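The listed protein sequences derive, respectively, from chains A and B.
All you need for this note's numbering is the position in the first sequence, starting with 1, plus 649.
All you need for this note's numbering is the position in the second sequence, starting with 1, plus 2.
Worth flagging that the hints you see were computed from the coordinates, not collected in a lab.
All of these numbers come straight from a predicted model, not from anything done at the bench.
Don't be surprised by glycine CBs; every beta carbon is placed ideally from N, CA and C.
Possibly wrong hints are sitting among the right ones.
To be verified - Among chain B residues calculated to face chain A with C-beta under 10 Å, some are:
hint, residue
1, 170
2, 282
3, 286
Said to hold, decoys possible - List time: in silico DMTMM-like cross-link candidates among lysine to aspartate or glutamate, alpha-carbon distance up to 25 Å:
hint, chain 1, residue 1, chain 2, residue 2
4, A, 814, A, 855
5, A, 814, A, 670
6, A, 696, B, 186
7, B, 118, B, 128
8, A, 753, A, 737
9, A, 814, A, 755
10, A, 747, B, 186
11, A, 753, A, 821
12, A, 696, B, 90
13, A, 747, B, 174
14, A, 776, A, 802
15, A, 776, A, 748
16, B, 139, B, 128
17, A, 776, B, 239
18, B, 139, B, 12
19, A, 776, B, 174
20, A, 696, A, 855
21, A, 747, A, 737
One letter stands for each residue in the lines below.
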Amino acid sequence: MVRYGAVTALHGISLHVNAGELVSVVGPNGAGKSTMLWAVMGTVPLKNGVISLAGRSLAGMPPENIVRSGIALVPERRHIFTQLSVLENLLLGATPRKDRAGVKADIVRMLDLFPVLETCLHTSAGKLSGGQQQQLAIARALLSRPRLLLVDEPSLGLAPIVTDKVYEVLQELVRAGIAILLIEQSSVRALNIADRVYLLRSGQIERSGNAGDLREAVDLEDSYFGFESGVDRPSGGWHSERS
Amino acid sequence: MNLFLQSLIDALSFAGVYALIALGIALIFGVMNLVNFAHGELVMVAGYVFFLLQGAPWPLVIVATVCAAVITALLMERVAFRPVRSADPTTLLVTSFAVSFLLQSIAMLTMGARPKSIEVPAFVGESIAIGGLRVPKLELVTIALAFVLLMALNVFLRRTALGRQMRAAAEDFQMARVLGVRADTIVAMAFALSGILAGCLAVIYVAQTASVSPVIGLQLVLIGFVSTVIGGLGSLEGAAIGGFVLGFLTVMIQTILPPELRGYRDAVVFAIVITILLIRPHGLLGSLRRSDYL
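Given these sequences and hints, build the entire structure.
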């Protein structure tokens with residue numbers, strides 16, 4: 650449970666992500682999606698409950714130790730350090746690491762993955778376009794070599810072509826064995842690439858299931874924007890978390 | 003012409019001192035969002051160490067003075083500020099006032115309320131001739147020290163991993179932590195750096211005034227605060243520039259004003275400061291967003 654004063658932001662959440670799996674959480678604005686990710690990273694305190702990675706509890710850990718345990722966050726609106734250069738942003742992503750040679754090699758790898766960053770390595774990150782900043786945010790997060798990557802609304806404010814590129818990279822990462830928890834409002838996109846999907850509403854998981862089953866069973870856009878709690882809808886392969 | 007050059011050297015010396023104190027305040031504000039009004043007390047503690055070690059070899063006195071300021075700064079962070087770091091800015095501000103008054107009171111109880119005079123070496127008061135000017139050695143040392151410290155700080159912040167992490171933390175503390183930047187290390191480092199600046203400032207200040215008292219930090223911290231506001235609160239470059247602007251204004255107005263009006267120097271200086279802030283409410287390099295700091 651996560652509370653802000655008297656307001657309960659998250660309650661009774663139970664979800665898991667396996668290695669090499671892409672799990673998406675969809676839901677309307679204010680559902681608590683971003684709060685959930687910041688809670689996983691330790692910046693929003695849990696009232697109660699357990700967050701664990703490979704059986705190791707992360708509860709009470711400061712954010713700097715959580716990232717060292719193998720989780721990285723690509724936050725909504727990127728949170729790029731605008732006064733620092735692109736290279737400095739990338740180096741910050743590697744803060745938990747001691748292997749200089751490995752970091753250097755990984756930066757080269759990131760520049761291969763996101764060639765647009767190579768041309769502006771020494772440019773102030775604040776001067777990048779939204780799409781470039783999103784790619785920088787993902788590259789920066791990957792430099793900590795996470796086992797679990799949390800990605801919050803990567804398509805927000807991006808042109809479709811840039812979003813496609815970002816999603817391609819996410820799929821590549823999954824194929825490389827990284828677990829990804831993807832927050833999206835664009836449920837169609839999320840359903841197309843996710844293995845499983847959770848529907849979050851008012852701080853609670855309303856439904857969950859395989860993305861394939863969901864695609865066949867429910868018009869999700871209608872479901873999470875128009876569906877009201879308590880109204881029966883065909884659930885297909887979904888499991889109701891509140892039943 | 004000579005008078006102008008003489009005033010320029012005086013102004014540079016003043017400005018260097020002001021920039022050093024402003025930078026100490028800006029460093030802490032950057033990573034903690036705190037205007038540390040106890041920063042002046044670091045100078046005061048260091049000043050008393052200088053006083054107590056009189057007679058010892060000068061290099062030892064200087065090193066001990068700087069170390070005293072650094073240790074006091076680190077203790078201040080660990081004991082007073084770390085427990086309330088996540089509290090709202092008002093709590094932090096009140097804590098800084100409390101620390102300031104506490105240190106002043108301790109100084110009054112242990113050293114007395116009256117200023118203690120300090121014997122400074124004769125060479126401090128000597129001047130050297132440059133062209134037709136007679137320039138006090140202390141002013142040259144002050145200008146050189148301020149320049150070296152500013153450059154060293156710049157190199158540290160731009161060229162080292164820890165400096166990079168400090169700049170990132172100053173822009174977005176929470177995101178920096180999420181990337182693995184250790185909050186305790188960065189905040190302690192900021193306090194240690196502000197301690198080094200305060201210690202160096204104490205050496206210059208004590209050499210200039212030849213005295214130390216429990217309240218010497220008060221005026222310094224006000225000058226530093228005004229300088230950081232002129233430059234743009236939270237911007238290190240802004241703080242340095244704000245310090246230089248205030249120092250230059252102070253000396254130049256002293257020079258320009260007729261003798262009978264020099265008593266109004268500070269009133270004129272602060273009228274100009276108010277004008278600057280009316281034109282640029284967020285300071286010379288400041289902006290509305292904290293993410294633009296540094």
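**Request:** Would you list, in rising numerical order, the hints stated earlier that this structure does not obey?
**Result:** 2, 3, 4, 15
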